[in-house]
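S.K.: Now for the letters of each chain:
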Amino acid sequence: DGGITQSPKYLFRKEGQNVTLSCEQNLNHDAMYWYRQDPGQGLRLIYYSQIVNDFQKGDIAEGYSVSREKKESFPLTVTSAQKNPTAFYLCASSRVADLLGDTQYFGPGTRLTVL
Amino acid sequence: AQKVTQAQTEISVVEKEDVTLDCVYETRDTTYYLFWYKQPPSGELVFLIRRNSFDEQNEISGRYSWNFQKSTSSFNFTITASQVVDSAVYFCALSELDSGGSNYKLTFGKGTLLTVNP
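Residue numbers (our numbering), protein chains in the order written: chain E, 1 to 115; chain F, 1001 to 1118.
Hints were generated in silico from the structure; no laboratory data involved. Where hints are given, some of them may not hold.
Stated by the list, open to error - Straight-line Cα separation of at most 20 Å, PhoX-like style, residue types lysine-lysine; simulated pairs:
| hint | chain 1 | residue 1 | chain 2 | residue 2 |
| --- | --- | --- | --- | --- |
| 1 | E | 83 | E | 14 |
| 2 | E | 9 | F | 1038 |
| 3 | F | 1038 | F | 1110 |
| 4 | E | 71 | E | 83 |
| 5 | E | 57 | E | 71 |
| 6 | F | 1038 | E | 57 |
As the list claims (entries may be wrong) - Per the computed footprint, the stretches of chain E lying under chain F, defined by three or more beta-carbons under 8 Å from a beta-carbon of chain F, are:
| hint | segment |
| --- | --- |
| 7 | 32 to 43 |
| 8 | 103 to 113 |
Predicted model, so just to flag it, every value in this text is computed and none were measured. All residues carry an ideal CB built from backbone N, CA and C; glycine is no exception.
Chain E on its own, in the form it takes in the complex (with noise of 0.2 Å):
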């Protein structure tokens, strides 16, 4: 079946600890994005890779960092310079970045926890 896989769907780091969540999609979709989500608020966007090898910032893109070697893969870490790092991330794709209303497919997400 194609879609974007997340893992793990739970994560606990200690404080001052650097942790990468993974993202892979098998939809041939050349975006990628992530997003944070915290309680009762809507999604923010905190990268985003329009192609192989090159990404942009988002709104809330300090603390964090991506990479994009691969099409099918984003992996984000989030460093200990990200002041709240608590919340849950969620990973998208697109077929293209640049065509306005294309769909983003969201995938099932990893709720990180900083104790």
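Given chain E, work out where chain F should sit, using these hints.
M.R.: Just chain F now, with coordinates in the frame of chain E:
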């Protein structure tokens, strides 16, 4: 100022009732897209519908219907004869060019938590 406003934070209904979720948006663009997504307790966002700014026809899909009115900048979502499985957070989103004018951006409302009680 919010670009996408979902004024109803939580709604609770009894099964078989009809329920309407409101969405008001703000944009200066003449060409844009609107979306609705469903987020069940499992967490994954499920795409429901996409509507472009030039198509004001209402759409019906089974028990779901959408009312798009450009005059009031609204894109409301109605569930007819609600069921317990409809319980979820529903997000409205707007796709438009960002402030730099070079990239398209999807902006989400804060969501409406719908609880359908048996």
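S.K.: Hint by hint, which ones does the structure fall short of?
M.R.: Violated hints (numbers, rising): 4 and 6; every other hint is consistent with the structure.
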